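**Q** With the hints as extra help, turn the sequences into a complete structure.
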Amino acid sequence: MTDAIDWPPAWPRVLDARFGAPAAGGYRATPEAFRVEECLDFAPEGHGEHLWLWIEKRDLTTAMGARQLAWACGVSPRDVGYAGMKDRSAVTRQWFSVHLPGREAPADLEAALASASLTLLAQTRHPRKLKRGVHRANRFRLRLTGPALEDPGFAERWAWLCQHGVANYFGPQRFGPEGRNLHRAVRVLAGGWRKRDDREGMLLSAARSFLFNTLLAERVREGNWATPLPGEVVVLDGSASQFTAEAVDASLRERAERLDLHPSGILWGIGGSVAQGEALARERDLADHYPALCAGLERAGVRLGRRPLRLRLEAPRFEAGEGEAWLSFTLARGGFATAVLRELIAHPSLSFRTPPAGPLQGGEDATSAAVQR
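Numbering of the sequence shown is given in the working numbering, commencing with residue -3 and proceeding in unit increments.
Note that these hints are calculated values from the structure, not bench results. Computed from a prediction, not measured in an experiment: that's the story for all the values here. You may find that some hints are simply not true.
Ranges between beta-carbon positions, derived for each pair [as the list claims (entries may be wrong)]: (1) ARG63 / PRO97: 17 to 23 angstroms; (2) ASP245 / ARG63: 51 to 57 angstroms; (3) ARG249 / PHE38: 30 to 36 angstroms; (4) ASP193 / ASP245: 26 to 32 angstroms.
Beta carbons: idealized from backbone N, C-alpha and C, even for Gly.
**A** In structure tokens:
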């Protein structure tokens, strides 16, 4: 027996209660209108067996770029590393590593990459392969158009998000057109997940993302998505550090208000939750509503994790132009630009209700749904 999943989901926006629904808007008309730059919090050491390459790619998934890089360097794709999966329909900059012990980069590497829409910006060495998830954040620069920019409330919506943060929903692309990734995950988990059915972990990730978004949506409806509950696990902003707030006093509420810490939601998996009280009761309610999904994830061996319910927009900037606007902001690793855009404009690809129109939208591409372990 499998869980009944209603699709499309009615996951509410935060700002509708305050400003009403946003007006229609457009974004990502071209790859150049959606720019992403990966941010590390360390620098390569300048020596070692791994060649690190700072690359700009256009209209390519990260996986596609990695395969092109492996071909150009004459190595296996497994010898190429990267930290995060970036958008396809975008211009993105990120680091790749190539295992070349005792070897120099091919003399024609820059030209070979250029022929595949990859621009080599810098190169250096490091002792270790670049691992998934080691980046700190992603910097976005996005071009918006349409009636939403003429709405007097647009500036207020943007200012509110800059001050209070954004609900940290997983974006529509995580679930596939019409929720197909999720529906397939339900079937696969009911029958017993196998690696050969889901080599990239996309189905496991879709299931966990659905459970997280469902929990977050309930908190948004109640208006307490940014305020810790008694027994909640809170996450320090910009850090993996977390602790259980056994009691919520004025000091904790003040820290949450200034975005120093955030409530968190469960990423379902094996391992005991350290939440207590009301927060733990909500996690148990989630398992009662979706027992097959939760049990299937545990049988698959996915380890329990936490994700902040809120994201802070770092260094936000708004630039108005003639019939357009550019937004710039940095989001912590794992954050979706679509979570920000969804609060500002109405667009079919942001609604969860229709298949994405054209290329995927957000902070990751189609193969980026690997489970966070």
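**Q** Give a verdict on every hint.
**A** Hints versus structure:
Between ARG63 and PRO97 the CB atoms are about 21 angstroms apart, so this pair conforms to the stated range of 17 to 23 angstroms. For the hinted restraint 51 to 57 angstroms between ASP245 and ARG63, the CB-CB distance of approximately 53 angstroms keeps it satisfied. Between ARG249 and PHE38 the Cβ separation comes to about 34 angstroms, which falls inside the hinted range of 30 to 36 angstroms. Distance hint for ASP193 and ASP245: a CB-CB separation of about 47 angstroms, inconsistent with the stated range 26 to 32 angstroms.
Of the numbered hints stated above, the single one contradicted by the structure is hint 4.
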